[in-house]
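*Asks:* Sequence:
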Amino acid sequence: MPASPALSRPTMYLRSLLVILLGAALVLCGACRKTEPAPAPHFEHAYSFRTILGVEPAQAAQLVRPAAELQGTAQQTGTTLALTIKAGESEELVLSIPREQLAAGLSGTYALRDPAYGANGPVTVHYTYVASAGGNRQPHTYTNGLSAANPSSGSVVITQYDARHGLLSGTYHVDFAFVPSPLSLTPTAATTWQLALDGRFENVKLL
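If you're matching positions, the sequence shown starts at 300 in the working numbering and goes up one per residue.
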(Lines of atoms letter the chains of each structure in order from A and count residues from 1; the text may use other names and numbers.)
(Lines give C-alpha, C1' and ligand atoms only; values in the text may rest on other atoms or scores of the structure.)
Protein backbone atom coordinates (compact mmCIF):
# COMPACT_ATOMS: atom_id res chain seq x y z
CA MET A 1 0.00 0.00 0.00
CA PRO A 2 1.45 3.39 -0.86
CA ALA A 3 2.31 5.64 2.10
CA SER A 4 0.16 8.69 2.72
CA PRO A 5 1.79 11.84 1.51
CA ALA A 6 3.34 13.93 4.28
CA LEU A 7 1.57 17.15 5.12
CA SER A 8 3.33 20.25 3.94
CA ARG A 9 4.60 22.71 6.51
CA PRO A 10 2.03 25.41 5.54
CA THR A 11 -0.81 22.92 5.95
CA MET A 12 0.44 21.82 9.38
CA TYR A 13 0.85 25.45 10.38
CA LEU A 14 -2.72 26.29 9.33
CA ARG A 15 -4.12 23.32 11.24
CA SER A 16 -2.22 24.29 14.38
CA LEU A 17 -3.44 27.86 14.03
CA LEU A 18 -7.05 26.70 13.66
CA VAL A 19 -6.77 24.55 16.80
CA ILE A 20 -5.37 27.50 18.76
CA LEU A 21 -8.08 29.86 17.51
CA LEU A 22 -10.83 27.34 18.28
CA GLY A 23 -9.51 26.87 21.80
CA ALA A 24 -9.37 30.62 22.36
CA ALA A 25 -12.93 31.00 21.09
CA LEU A 26 -14.17 28.32 23.49
CA VAL A 27 -12.41 30.01 26.41
CA LEU A 28 -13.92 33.37 25.46
CA CYS A 29 -17.41 31.87 25.15
CA GLY A 30 -17.05 30.29 28.57
CA ALA A 31 -15.97 33.62 30.04
CA CYS A 32 -18.94 35.33 28.38
CA ARG A 33 -21.33 32.84 29.97
CA LYS A 34 -19.73 33.33 33.37
CA THR A 35 -19.92 37.12 33.25
CA GLU A 36 -23.39 37.42 31.70
CA PRO A 37 -25.38 39.66 34.08
CA ALA A 38 -28.59 38.35 35.62
CA PRO A 39 -31.83 40.04 34.45
CA ALA A 40 -32.98 42.93 36.64
CA PRO A 41 -35.88 42.32 39.06
CA HIS A 42 -39.26 43.84 38.25
CA PHE A 43 -42.41 44.15 40.37
CA GLU A 44 -46.04 45.10 39.73
CA HIS A 45 -48.59 45.59 42.50
CA ALA A 46 -52.13 46.96 42.75
CA TYR A 47 -54.77 47.06 45.46
CA SER A 48 -58.53 47.49 45.45
CA PHE A 49 -60.39 48.19 48.70
CA ARG A 50 -64.16 48.47 48.91
CA THR A 51 -66.98 48.09 51.37
CA ILE A 52 -69.01 44.88 51.31
CA LEU A 53 -72.05 45.04 49.03
CA GLY A 54 -74.98 46.56 50.94
CA VAL A 55 -72.89 48.61 53.37
CA GLU A 56 -73.82 52.29 53.34
CA PRO A 57 -72.23 54.63 52.56
CA ALA A 58 -70.32 52.66 49.95
CA GLN A 59 -66.60 53.46 49.89
CA ALA A 60 -63.71 52.34 47.72
CA ALA A 61 -60.04 53.00 47.02
CA GLN A 62 -57.72 51.51 44.44
CA LEU A 63 -54.20 52.11 43.22
CA VAL A 64 -51.66 50.67 40.80
CA ARG A 65 -48.22 51.23 42.28
CA PRO A 66 -45.51 52.60 39.97
CA ALA A 67 -42.77 50.00 39.56
CA ALA A 68 -40.21 52.50 40.88
CA GLU A 69 -41.93 52.43 44.30
CA LEU A 70 -41.67 48.66 44.69
CA GLN A 71 -38.95 46.50 46.18
CA GLY A 72 -38.94 42.80 46.93
CA THR A 73 -37.03 39.79 48.15
CA ALA A 74 -37.40 36.02 48.00
CA GLN A 75 -35.86 34.07 50.85
CA GLN A 76 -35.74 30.35 51.53
CA THR A 77 -35.18 29.18 55.09
CA GLY A 78 -35.09 25.65 56.43
CA THR A 79 -38.89 25.53 56.48
CA THR A 80 -40.32 28.25 54.23
CA LEU A 81 -40.02 30.13 50.97
CA ALA A 82 -41.12 33.72 51.62
CA LEU A 83 -41.73 36.40 48.99
CA THR A 84 -41.83 39.95 50.35
CA ILE A 85 -42.99 42.98 48.36
CA LYS A 86 -42.86 46.49 49.81
CA ALA A 87 -43.98 49.93 48.70
CA GLY A 88 -41.90 52.24 50.88
CA GLU A 89 -43.48 52.59 54.31
CA SER A 90 -47.02 52.31 52.93
CA GLU A 91 -47.46 48.61 52.16
CA GLU A 92 -45.82 45.29 52.88
CA LEU A 93 -47.00 41.92 51.56
CA VAL A 94 -45.41 38.64 52.66
CA LEU A 95 -46.41 35.40 50.92
CA SER A 96 -45.04 32.26 52.60
CA ILE A 97 -45.06 28.66 51.33
CA PRO A 98 -43.79 25.68 53.38
CA ARG A 99 -40.82 24.07 51.66
CA GLU A 100 -42.29 20.57 51.90
CA GLN A 101 -45.23 21.74 49.77
CA LEU A 102 -43.13 23.27 46.99
CA ALA A 103 -43.16 21.47 43.65
CA ALA A 104 -39.98 20.04 42.18
CA GLY A 105 -38.37 22.91 40.31
CA LEU A 106 -40.58 25.34 42.32
CA SER A 107 -42.89 26.22 39.41
CA GLY A 108 -46.58 25.68 40.15
CA THR A 109 -49.82 27.15 41.49
CA TYR A 110 -50.15 27.45 45.27
CA ALA A 111 -53.54 28.26 46.82
CA LEU A 112 -54.07 30.47 49.85
CA ARG A 113 -54.99 28.94 53.16
CA ASP A 114 -58.54 29.83 54.28
CA PRO A 115 -59.02 28.98 57.98
CA ALA A 116 -62.53 30.47 57.96
CA TYR A 117 -63.77 27.74 55.60
CA GLY A 118 -61.25 25.00 56.34
CA ALA A 119 -59.33 25.28 53.06
CA ASN A 120 -55.80 24.03 53.64
CA GLY A 121 -53.88 25.76 50.87
CA PRO A 122 -50.17 26.16 51.60
CA VAL A 123 -49.83 29.95 51.22
CA THR A 124 -49.89 32.12 54.33
CA VAL A 125 -50.35 35.88 53.81
CA HIS A 126 -49.34 38.78 56.03
CA TYR A 127 -50.37 42.13 54.57
CA THR A 128 -49.86 45.54 56.16
CA TYR A 129 -51.34 48.75 54.78
CA VAL A 130 -50.63 52.11 56.43
CA ALA A 131 -53.47 54.64 56.25
CA SER A 132 -52.23 58.23 56.34
CA ALA A 133 -53.79 61.69 56.25
CA GLY A 134 -52.86 65.05 57.71
CA GLY A 135 -49.65 63.70 59.20
CA ASN A 136 -51.47 60.87 60.99
CA ARG A 137 -50.60 57.24 60.26
CA GLN A 138 -52.40 54.03 61.21
CA PRO A 139 -51.11 50.58 60.17
CA HIS A 140 -53.63 47.81 59.49
CA THR A 141 -52.49 44.18 59.25
CA TYR A 142 -54.41 41.31 57.65
CA THR A 143 -53.55 37.62 57.63
CA ASN A 144 -54.94 34.21 56.83
CA GLY A 145 -53.04 32.60 59.68
CA LEU A 146 -54.56 29.71 61.61
CA SER A 147 -56.42 32.01 64.01
CA ALA A 148 -57.92 34.24 61.28
CA ALA A 149 -61.72 34.42 61.18
CA ASN A 150 -62.09 36.30 57.89
CA PRO A 151 -62.47 34.44 54.55
CA SER A 152 -59.49 34.55 52.21
CA SER A 153 -58.81 33.21 48.74
CA GLY A 154 -56.37 33.48 45.87
CA SER A 155 -53.08 31.96 44.83
CA VAL A 156 -49.40 32.42 44.15
CA VAL A 157 -48.24 31.17 40.75
CA ILE A 158 -44.52 30.60 40.27
CA THR A 159 -44.25 30.62 36.50
CA GLN A 160 -40.50 30.15 36.25
CA TYR A 161 -37.44 29.40 38.33
CA ASP A 162 -34.17 30.25 36.61
CA ALA A 163 -31.86 27.81 38.40
CA ARG A 164 -28.77 29.21 36.68
CA HIS A 165 -29.21 32.66 38.20
CA GLY A 166 -31.44 31.62 41.12
CA LEU A 167 -34.34 33.85 39.99
CA LEU A 168 -38.08 33.51 40.66
CA SER A 169 -40.88 34.88 38.47
CA GLY A 170 -44.64 34.66 38.84
CA THR A 171 -47.92 36.31 39.84
CA TYR A 172 -50.21 36.54 42.86
CA HIS A 173 -53.83 37.30 43.67
CA VAL A 174 -55.10 37.74 47.23
CA ASP A 175 -58.67 38.36 48.44
CA PHE A 176 -59.70 39.16 52.01
CA ALA A 177 -63.38 39.58 52.91
CA PHE A 178 -65.17 40.87 56.01
CA VAL A 179 -62.17 42.72 57.41
CA PRO A 180 -61.81 46.12 59.13
CA SER A 181 -61.34 49.24 57.02
CA PRO A 182 -57.78 49.73 55.76
CA LEU A 183 -58.44 53.46 55.39
CA SER A 184 -59.38 54.25 58.98
CA LEU A 185 -56.98 56.44 60.96
CA THR A 186 -58.05 54.72 64.18
CA PRO A 187 -58.36 51.01 64.98
CA THR A 188 -61.82 49.67 64.17
CA ALA A 189 -63.57 46.36 64.80
CA ALA A 190 -66.27 46.69 62.11
CA THR A 191 -65.60 43.98 59.51
CA THR A 192 -67.30 45.63 56.54
CA TRP A 193 -64.55 45.69 53.92
CA GLN A 194 -63.05 43.45 51.26
CA LEU A 195 -59.50 43.74 49.91
CA ALA A 196 -58.00 42.52 46.63
CA LEU A 197 -54.28 42.49 45.86
CA ASP A 198 -52.79 41.65 42.48
CA GLY A 199 -49.22 41.64 41.31
CA ARG A 200 -46.35 40.23 39.35
CA PHE A 201 -42.74 39.54 40.25
CA GLU A 202 -39.96 38.85 37.77
CA ASN A 203 -36.32 37.84 38.21
CA VAL A 204 -36.33 38.00 42.01
CA LYS A 205 -33.14 36.57 43.47
CA LEU A 206 -33.85 33.60 45.74
CA LEU A 207 -31.62 34.01 48.79
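These are computed hints drawn from the structure, not numbers from a lab.
Yeah, the Cβ is synthetic: ideal placement off N, Cα and C, and Gly gets one too.
Hints may be right or wrong, so weigh each one.
As the list claims (entries may be wrong) - Derived DEER-like restraints, expressed as beta-carbon distance ranges:
hint, residue 1, residue 2, range
1, PHE477, ASP497, 16 to 22 Å
2, ARG436, PRO397, 31 to 37 Å
3, GLN374, ARG436, 26 to 32 Å
4, THR490, VAL363, 34 to 40 Å
5, VAL456, ALA337, 18 to 24 Å
Stated by the list, open to error - 20 Å max Cα-Cα, derived EDC-like pairs, lysine to aspartate or glutamate:
hint, residue 1, residue 2
6, LYS385, GLU335
7, LYS385, GLU368
8, LYS385, GLU501
*Asks:* For each hint, tell me whether it holds in the structure or not.
*Replies:* Structure-based check of all given hints:
1. PHE477 / ASP497: 16 to 22 Å: 20 Å, holds
2. ARG436 / PRO397: 31 to 37 Å: 33 Å, holds
3. GLN374 / ARG436: 26 to 32 Å: At roughly 27 Å between Cβ atoms, ARG436 and GLN374 fall inside 26 to 32 Å, so the hint holds.
4. THR490 / VAL363: 34 to 40 Å: 26 Å, violated
5. VAL456 / ALA337: 18 to 24 Å: Cβ of VAL456 to Cβ of ALA337: about 22 Å, so the range 18 to 24 Å holds.
6. LYS385 / GLU335: 28 Å, violated
7. LYS385 / GLU368: Given pair LYS385, GLU368 holds - Cα atoms ~8 Å apart, limit 20 Å.
8. LYS385 / GLU501: 15 Å, holds
Of the numbered hints given earlier, the model fails hints 4 and 6; all others are met.
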